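**Q** What follows is the residue order along each chain.
Number of protein chains: 2
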Amino acid sequence: MAEENTIFVGKKPTMNYVLAIVTQFNNAETNRIVIKARGKAISKAVDIAEITKHKFVQAIKYESIKLDTEVLEGEKGTSNVSSIEIVLAK
Amino acid sequence: MAEENTIFVGKKPTMNYVLAIVTQFNNAETNRIVIKARGKAISKAVDIAEITKHKFVQAIKYESIKLDTEVLEGEKGTSNVSSIEIVLAK
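Taken in sequence, the protein lines are chains X and L.
Per the working numbering, the first sequence starts with residue 1, numbered consecutively.
Per the working numbering, the second sequence starts with residue 1, numbered consecutively.
Honestly, the hints are just simulated from the structure, not real lab data.
What you are looking at is a predicted structure, and each value in this text was computed from that prediction instead of being measured.
Incorrect hints may appear among the rest.
No more than 20 Å apart at the CA atoms, straight line, and that leaves these computed lysine to aspartate or glutamate pairs for EDC-like [claimed, not checked]:
#1 X:53 to L:75
#2 L:40 to L:68
#3 X:55 to L:68
#4 X:36 to L:68
#5 L:61 to X:63
#6 X:61 to L:68
#7 X:61 to X:85
#8 L:36 to X:68
#9 X:40 to L:85
#10 X:12 to X:29
#11 L:53 to X:68
#12 L:53 to X:85
#13 X:90 to L:68
Can you make the complete structure from the sequences, with help from the hints?
**A** Structure, rendered in structure tokens:
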């Protein structure tokens, strides 16, 4: 069930993700949302978390923030990309 | 003295910052380095931390990772920018 509350940050506008998270938190059953991003999207993930926290759902806290490195398999071999996992909880 | 071990991530290449951090950790007196970045540089800060940790100074751990929002005063008024503070410690 945890996977249902995971947001993968990609190329959509920042506010699309913020509104998706706010909508989920307005569902009484949702107490915890995980935001995941890789590479350049990491900055956007931090924006999304901060905007959600400061402008929309003041009751949430950062339960954990983790950094990691993922290995991607490409045509030219493997490459490393950094990732972030931000857990928001109310 | 803490400020001496703070790295502000800007427009230089990622490896410049990594090497600056590795050099500081090779100084026996340095046990703790703070990496700070704002806006788009946040992704680069995470790359810097991950590359340092996985390729150069395996003994370090993330002591803390904090996200925040800073208010910038500009000619057209104020704007908000997200920031990250990553504390590396060995």
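**Q** Please go over all the hints and tell whether each is borne out by the structure.
**A** Status of the hints after comparison with the structure:
1. X:53 to L:75: 27 Å, violated
2. L:40 to L:68: Given that 20 Å is the threshold and the Cα spacing comes to 14 Å, the pair holds.
3. X:55 to L:68: Holds: residue 55 of chain X and residue 68 of chain L sit about 13 Å apart, inside 20 Å.
4. X:36 to L:68: Holds: residue 36 of chain X and residue 68 of chain L sit about 17 Å apart, inside 20 Å.
5. L:61 to X:63: Roughly 18 Å separates the two Cα atoms, so the pair holds.
6. X:61 to L:68: The hint holds at about 12 Å.
7. X:61 to X:85: 14 Å, holds
8. L:36 to X:68: 17 Å, holds
9. X:40 to L:85: Between residue 40 of chain X and residue 85 of chain L the Cα gap is close to 17 Å, so the pair holds against 20 Å.
10. X:12 to X:29: 26 Å, violated
11. L:53 to X:68: 10 Å, holds
12. L:53 to X:85: Distance ~17 Å between residue 53 of chain L and residue 85 of chain X Cα, so the pair holds.
13. X:90 to L:68: Holds. Residue 90 of chain X to residue 68 of chain L sits at ~18 Å (cutoff 20 Å).
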